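K.L.:
Chains as they are written, first to last, in the working numbering: chain C, 1 to 97; chain Z, 1 to 281.
No lab work stands behind these hints: they were computed from the structure. Hints may be right or wrong, so weigh each one.
Here are some of the chain C residues that sit facing chain Z, going by a computed Cβ distance under 8 Å [unchecked claim]: (1) Ile6; (2) Phe12; (3) Leu30; (4) Leu34; (5) Ser36; (6) Ser38; (7) Ala55; (8) Leu64; (9) Gly65; (10) Leu66; (11) Val69; (12) Val77; (13) Leu81; (14) Arg85; (15) Met89.
The model shown is predicted, which means the values in this text are computed figures rather than measured ones. Glycine is no exception: its CB is placed at the ideal position from the N, C-alpha and C atoms.
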Amino acid sequence: MADELIVGLVVFVLASFVGFEVINKVPPTLHTPLMSGSNAISGIAVVGALLVAGAREWNLTVILGLIAVVLATINVVGGFLVTDRMLQMFKKKESRG
Amino acid sequence: MSDFLPTGIELSYLAAASLFILGLKKLGSPATARRGNLLAAIGMLIAIVATLLNQQVLNYEMILVSILLGSIIGTFMAQKVEMTDMPQMVGLLNGLGGAASALVAIGEFWHSLGAPEALPVDSLMTTILGVLIGGITLTGSLVAFAKLQGLISGTPMTFPFQQPFNIALVVIFLAGSGYLLASPGNVPIFLGLVSISLLLGVLFVIPIGGADMPVVVSLLNSYSGLAASAAGFILMNNMLIISGALVGASGLILTDIMCKAMNRSLTNVLFSAFGKGATAG
């Protein structure tokens, strides 16, 4: 268990550094789409929800898990679609101008 | 063969995480932003399909119904929203993601109640963390949504002794967590911690003005990443830990960039209402 936790921490810290490095000099027009896109990625909570909802029995854990699956899927699907709509609009503006 | 599937799932997770990193990178530049979003979406699809192959997942009918329901609602919301209402839309979606992480933490806690052996201390700590961050993200995002949508007044809301009250809540939360660690399985204490987390989210956002809400949404987006990461620690799932950390870190940087674009600091955005209150009073 402790070993697993250490491995998890290593992964967490290294991934955080990647997250810090991957964003730099974003033009202001892209602030909202970037926020929206990374919000959609945080919908990855759906993976946790699927694992919790996985058991083939009815109990509170499974019910909470299923609700979490619905909410996280809304976040994922809505998030990516909304981001695409925003970026589509930018493209039109650019080609017009 | 039995070893083959878990390896395949882990490798799919690696591919999905790589697509997220590439997607975030491309989202930062106008020419490639749309492709970046598509790459991240493909990564998400791979992660979801890989998870469905996990042997732990047996409840296929209900899960597929839930995914379908979420997809329909998500598509409907994304099509319906006005272009000018985008920041609050992101806020609302972000709140749902935070709620999902909190529900995962609560569900795992309940699961542990029925188990013969008590939850180990480190899992319990990550569970409490998941509830705290997920709860703050949920209610904080909902308040930000309500302010941007004009459902509640956008003016900063303060009341006397608000800061000491917040600090007292945090202290109570820490004390309650300590108590829960000492006696795991105490349901009333756990529910109390859930309520305090939800309350803290509201109190965190109400003193901030409506014009600063996009920054708050961005910060809460960073939190929802951390909440997903906490859920990853609870379930010991690398996919969740990696993507959560990515969103947490990149969201924090983006929040900072947004503040700088307004010539403000993050602390100034978060606490300026209190400064005004102090000078006025």
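K.L.:
Indicate, hint by hint, whether the structure satisfies it.
P.N.:
Outcome of the hint check:
1. Proximity of Ile6/C to chain Z is violated relative to the hint, the smallest CB-CB distance being about 10 Å (cut-off 8 Å).
2. This hint holds: Phe12/C has a C-beta 5 Å from the nearest C-beta of chain Z, less than the 8 Å allowed.
3. This hint holds: Leu30/C has a C-beta 6 Å from the nearest C-beta of chain Z, less than the 8 Å allowed.
4. Below 8 Å, beta-carbon pairs count as interface contacts, and Leu34/C has one with chain Z at about 5 Å; its hint therefore holds.
5. Because the closest C-beta pair between Ser36/C and chain Z is about 5 Å apart, less than 8 Å, the hint holds.
6. At a threshold of 8 Å, the smallest CB-CB gap from Ser38/C to chain Z is about 5 Å, leaving the interface hint in force.
7. About 6 Å separates the beta-carbon of Ala55/C from the nearest beta-carbon of chain Z, less than 8 Å, and the hint is met.
8. The criterion of a C-beta within 8 Å of any C-beta in chain Z is met by Leu64/C, whose closest approach is roughly 4 Å, and the hint holds.
9. Contact between Gly65/C and chain Z, as hinted, is supported at the beta carbon level, the nearest pair being about 5 Å apart and thus within 8 Å.
10. At a threshold of 8 Å, the smallest CB-CB gap from Leu66/C to chain Z is about 5 Å, leaving the interface hint in force.
11. Annotation: Val69/C was flagged as interfacial toward chain Z, and the flag holds, the nearest CB pair being 4 Å apart, inside 8 Å.
12. Hint on Val77/C holds. Least Cβ distance to chain Z is approximately 3 Å, under the 8 Å limit.
13. For Leu81/C, the shortest C-beta to C-beta distance to chain Z is roughly 4 Å, which falls under 8 Å, so the interface hint holds.
14. Taking 8 Å as the C-beta cut-off, the interface hint given for Arg85/C holds, the closest approach to chain Z being about 7 Å.
15. Hint status for Met89/C: holds, given a least beta-carbon distance of 6 Å to chain Z, under 8 Å.
In summary, the one numbered hint that this structure violates is 1.
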